[in-house]
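Student: Below are the chains, spelled out letter by letter.
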Amino acid sequence: MDTIHACFKEKIGEVLLPGDVFSFRLPESGDGSIKTEKIICGPGLRRNGEEVQVCKSGILRHKQPNMYWIDSQQRRYVPAKGESVIGVVTSKSGDIFKVDVGGSEQASLSYLAFEGATKRNRPNVQVGDLVYGQFTIANKDMEPELVCIDSCGRANGMGVFGADGLLFKVSLGLVRRLLAPQSEIIKDLEKIFPFELVVGMNGRVWVKAKTVQQTLIVTNLLETSENMTSQQRQTLFKRVAEGSL
Amino acid sequence: MMAHVFVCDGIALTTVARQQHILITGWAAEVVRFPVFCVIHALYCCSISLNTHRNLLEISHKICVRIHLHLESRSERLCSTEDCIPGTGTYLRHGYIFASLTGYVLRKNEGEELPVISVVRETETQLLPDVGAIVTCKVTSINPRFAKVHILYVGSTPLKDRFRGTIRKEDVRATEKDKVETYKSFRPGDIVLAKVISLGDVQSNYLLTTAENELGVVVAHSEAGAQMVPISWCEMQCPRTHAKEFRKVARVQPEYLQA
Chain A
1 MDTIHACFKE KIGEVLLPGD VFSFRLPESG DGSIKTEKII CGPGLRRNGE EVQVCKSGIL
61 RHKQPNMYWI DSQQRRYVPA KGESVIGVVT SKSGDIFKVD VGGSEQASLS YLAFEGATKR
121 NRPNVQVGDL VYGQFTIANK DMEPELVCID SCGRANGMGV FGADGLLFKV SLGLVRRLLA
181 PQSEIIKDLE KIFPFELVVG MNGRVWVKAK TVQQTLIVTN LLETSENMTS QQRQTLFKRV
241 AEGSL
Chain B
1 MMAHVFVCDG IALTTVARQQ HILITGWAAE VVRFPVFCVI HALYCCSISL NTHRNLLEIS
61 HKICVRIHLH LESRSERLCS TEDCIPGTGT YLRHGYIFAS LTGYVLRKNE GEELPVISVV
121 RETETQLLPD VGAIVTCKVT SINPRFAKVH ILYVGSTPLK DRFRGTIRKE DVRATEKDKV
181 ETYKSFRPGD IVLAKVISLG DVQSNYLLTT AENELGVVVA HSEAGAQMVP ISWCEMQCPR
241 THAKEFRKVA RVQPEYLQA
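For the record, the sequence lines run as chains A and B. Going by UniProt numbering, the first sequence opens with residue 1, and the numbers climb by one from there. Going by UniProt numbering, the second sequence opens with residue 1, and the numbers climb by one from there.
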């Protein structure tokens, strides 16, 4: 009965490679006492008939009651519907802007997809601007489409931003850690000095602090905290806080 | 075509250009026929192998030039107007019927009148999709506004060339046309049954519609690569991964299904 959960549980926290297979041999007895279990396979796991295959390399994670997924470190971003990303406007053609989001194709952003934009009242977007928007269409068969407006018609923090500051690229795993509800990295960074931060799920982060030096310090801290344990990170942040004060 | 006679130094080289062929009477007094495109090469080779009579080379150049100038008409004279009536691929000139296409000659007898002579490229006529015909097509690319397809079959006859068709977003369904998402109706690689609504202009493709119960996706492959099984009019399921995908599914008539 617990065969499936047991199979997974012994591998939680272990590094798995693509091609690893979890196969379940269901007991042949037709008692009727077999409970059906429901397992949710998250990203990196795929069902193939009677077995579950791993398709990405990473660490197996578990969330109660029955969700399993592979936590992988990847730098290449694949657009997915609903994700908020930072894009750079590359060209304007007619009614749409072409935005580079780091994927295989450039996304299109209609000029009407901004708050308060009408056919007469065009938004003030130039080539080279940074935009924060969400995907409405993002799949492997069509060109992705961005909007800077939510379903109610409000901007909700999206749109053009970034007069100053610095845009840099990190891996997707770090971005997910930064966007987690109670992110330790953010909390530790806040104690050093105040700064503005925009995190896009395509691995792009934008930082702005009071001076250029502080901006660069925050950038370096974020990039290095990718490969450090939390203890190492905290000691580093403490050293920086003492050094800068 | 014109006839030219060249005589030079004992070698009588007669060229009679007639009916896409050139007759060369060489010094061996043989009549040799060559089609136009290889006569020039033949002349050149001939002149070299004979250890060139200089005039022969000049003649070959002249022939090249002359042939080049007169190669527009490649008509073959078929018969006179008294014998047949001209059909497709032929034309009338000076009381004779000439061919205007390269192909096979067809003679059709129609009762007491003279037979109709025509030239066709292929012996079977191509079946073209007509307005209202049910066609089988394959989706090549999708767009938020329309889907591009290649038309493979008209009814149950396969086509030799692939015609291009377009299924617009508003022609996918009969109801709730503005809520249609092409990504949830078709994917590239699907086989779709559709009906022709318009033949289109010179530049545009055939316009197709799937706005009926019997029209829509017939065969589709899932992202895992297995052929999917339809569950409802808008969903199909992969038998391997059990993942459901959205398509606009056709309700095939029971008589077309193989048990």
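Some hints could be false.
[Claimed, not checked] Calculated cross-link-like contacts (lysine-lysine; reagent style DSS-like; alpha-carbon spacing at most 30 Å):
#  : chain 1 : residue 1 : chain 2 : residue 2
1  : B       : Lys184    : A       : Lys92
2  : A       : Lys92     : A       : Lys119
3  : A       : Lys98     : B       : Lys195
4  : A       : Lys140    : B       : Lys148
5  : A       : Lys140    : B       : Lys195
6  : A       : Lys140    : B       : Lys177
7  : B       : Lys244    : A       : Lys9
8  : B       : Lys177    : A       : Lys119
9  : A       : Lys119    : B       : Lys179
10 : A       : Lys38     : B       : Lys184
11 : A       : Lys98     : B       : Lys179
12 : B       : Lys179    : A       : Lys81
13 : A       : Lys56     : A       : Lys140
14 : B       : Lys160    : A       : Lys119
15 : B       : Lys177    : A       : Lys81
16 : B       : Lys160    : A       : Lys98
17 : A       : Lys81     : B       : Lys138
18 : A       : Lys140    : B       : Lys138
19 : A       : Lys81     : B       : Lys169
20 : B       : Lys195    : B       : Lys108
21 : B       : Lys184    : A       : Lys56
22 : B       : Lys148    : B       : Lys108
23 : A       : Lys98     : B       : Lys169
24 : A       : Lys38     : A       : Lys140
25 : A       : Lys98     : B       : Lys108
26 : A       : Lys56     : B       : Lys148
Just so you know, the hints here were simulated from the structure itself, not pulled from any lab data. Keep in mind it's a predicted model, so treat the numbers as computed, not measured.
Student: Which numbered conditions among the earlier hints are violated in the structure presented, ordered from lowest to highest?
Tutor: Violated hints (numbers, rising): 3, 14, 16, 20, 22, 25, 26; every other hint is consistent with the structure.
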